[in-house]
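Undergrad: Taken in order, these protein sequences are the chains called A and B.
Be aware that the first sequence starts at 1, since it is given in my numbering, and climbs by one per residue.
Be aware that the second sequence starts at 1, since it is given in my numbering, and climbs by one per residue.
There is no bait here: all hints are sound.
Listed next, the stretches of chain A that the computed footprint assigns to chain B, with coverage defined by at least 3 CB atoms under 8 angstroms from CB atoms of chain B:
{"hint": "1", "stretch": "43-51"}
{"hint": "2", "stretch": "58-67"}
{"hint": "3", "stretch": "87-94"}
{"hint": "4", "stretch": "172-183"}
{"hint": "5", "stretch": "300-308"}
It should be emphasised that the hints constitute simulated quantities derived from the structure, not laboratory data.
We treat Cβ as the ideally placed atom computed from N, Cα and C, and that holds for glycine.
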Amino acid sequence: MHGQGTSLRTYVLTRLALAVPTVFVLLTLVFLLMRVAPGDPISAALGGHVSQQELAKRRHAAGYDKPILEQYATYMGDAVTGNLGTTLTDHRSIGSILSENGTATLELSVIAFIIALAVGIPVGVLAGRFRDTPIDVGGRLFGIVVYAAPVFFTGFLAQLLFGSALGWLPTSGRVGPITEFTLDKTTHIYLLDTVIAGDWSAFWDVVKHLILPAVTLGLLISGIIIRLVRVNLLQTMKGDYVEAARARGISERRVVMQHAFRNALVPVVTVAGLQFAILLGGAILTEETFNWPGIGGELVRYLNNRDYIAVQGIITVFAIAVVLISVVIDLVNAFIDPRVRYG
Amino acid sequence: MNRRVVGIATLAASAALVVAGCGSSGGSTSSGGGGGTIIRGTIDQPISYDPAGVYDLPSWDGIVNVYQTLLTIPPGGNKPEPDAAQSCDFTNPTTYKCTLKSGNVFSDGSALDSKDVKFSFDRNVKINDPQGAASLLADMKSISAPDKQTVVFNLKKPDATWPFLMTVQSFAIVPADGSNAYPADKLQPSADVVGSGHYTVAQYEPGQQTVFQRNTKYTGSDPAKNDTAIVQYFDKPSALKLAVEQGDVDVGYRSFSPTDLKDLRSSDGVSVVGGAGTEIRYLVFNQKLMAGDTDAQKLAIRQAVAQTIDRAAIAKNVYDGTVTPLYSMVPQGLQFATTAFKDTYGAGPNVAAAKKALADAGVKTPVDLELWYTPSHYGAGSADEYAEIQHQLEDSGLFNVTLKSTEWNQYDEAALTDKYPEFQFGWYPDYPDANDYTAYFFAKNSFLNDGYSNPQMDKLLAQEVATTNDTERAKIFDQIQKISAQDVPTIPIWQGGQVAAVRDGVTGVQDTFDSAYLFRLWVISKG
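I would like the entire structure built from these sequences, with the hints used as guidance.
TA: What follows is the structure, given as structure tokens:
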């Protein structure tokens, strides 16, 4: 027991230590990419309206023409101290973007992830349990279609059907304009804020706005989960312990759910965890499609405005989030499966 | 997770969809606010509501609703009229004196006097924000406030555009003292702005919405016709269009593609209203790079292109009639605008005249042209517009056109630093005066860096800015526009009207469509 604890502690420390250079490389890459890309916020806003000389003067006044090493040193220094800066174009702190727009992405991602699990796991289990039957074919086909269909295409179709044609659901935004104004934003997670405020009309407004983007994004992720659950279930169904369970006369339903399914979940947890990390950054297309005011949409807006302080701040947070989540997943796996531990 | 849990989750999701289908109202306007709330949807996002930090249309659209300027372009007008000022006049060619109205107050109840005006201009120059418009005040030597109601500008040289500059939203008046005084050396946060205009900013969430509420202390003669105006931001025109169709917003402005407008015209409960606009698109020739062995040949090529382009076909085929052909860089609706290109070359294309001009100058045909455009910055129609121009020029048999494009981030710098021989550009007004559409383009060493120089033009430009006599200015601008049509440093292509999609029951939108190019929320009402 003592030996196992030491090994796990070493693994945890090693994994955390490896995260530091990973984040450093990511920060450097983000910085370099943003400086290599042409344009700057001033020419994006005023180009074509003032002379190149005037633009150069303004760039100088804003400090955009400082030596790149000086800018890099400032950036890394600020990043180390947790100061990701203020956007060049609209003077917002990166912190406020994270609290206002990051929470929108988090809310969408969590709900989409719940939908992905709610759809992906049962369909995957059914497909695995009834292998090579019409249920299996249907489940696999569904998984392939929802995964292969581009999110903007699925989203657009959903907008046309449930928004334009049927008029059931709003097609854009996180909440109606008036609710947006009147809502007391304690956590900036609107489902929670409306519950805290006890404003059920606003809660329902939030739910209505969430349905289309969350279902669209959730279905996309469910495609991966369906295939993953199915394949792993089929693998575990071949295990000796499953045969043994059957030999003991346990019902097929119990064999699948209590023996095969639980073991099939181990790799699913790993991939699902990583999917969630990717979801935080990968919700951009969904946010763009549904005008969802998440951090991905803001990233695109700042990219268009060449606001590299904003872009590098947001990407830095994304990068750190992905690294941290992958570390957490590795640690969870290490707890679950001793074979992945070092030493 | 067992089957029961999965089943419950699936049922819950299904139930949510069904109930949503039964209960959704779709429109936010029905969820509260009543007739006193107007919701405008737009893809234009402001960068700041501090006048000292802005030089862009979306920010000006917010500022015009919150602050007063000394002078303003009234709805439907095209000349400066008093706003916070009672009167403004030149007392000599380099001294401009304004007397303030008595009783002006900011929305926090503090008095607005000459000290605030002086502070606002001095602050603008001092901050000199990289995204601000302090450069427009280059002619201001100093500003003084001899008494509470008087402001005097001392100019470095005579400047007839000064009254128009007093209408620019970047020079709106901000409080100098009191609990809401603006800092003298940095920008005020947009959520904390205070002005003396029609509204206060009740909420500002970048990328999401700005909520304007009626300023109960507004002392002007035309108070807001609504209590609250919400400006909701969208990323894409398609999302804005859906929001208008669903009734989530009352007014959609800006911007829609011609296809979107066509769809909206046939949508239930939506009408498309239009009005005058002063945004223009034009073609620039870099005379250092363009085809032609001599200046005379280059001139002939430019004139031949001007004679071959069919503006009416562009307006109809590409923009479905939402823009109008432009025959001078000074758009119709502005004082002193003429139709110089139509007068010189005719309204439609004249290929025979173009052929003769080229032949007379000894230019071999077909002439190679390399036309550059940028695909999104000036709207989604740019690619079609330049395909249409290519088609027109090549069909004449006089030109061989290569179309090239790149995104704005590279485009503007490359175009203005001698990389493109012929290129697309656009313009919206800093101030609605003909000077803003001529001096910037035709002066020697203009920002276009196109190599155009005509001493006669430079002399006329100096004369028009030095006189405030309208009759004299009209004559001078007539000559300027004639010369521009003869020299063809640029070819005006089209003038955009302002177009909005409006839900039934909403009125007044067309009243804000004029040469000032500002969206005044206070003229809109509902119900």
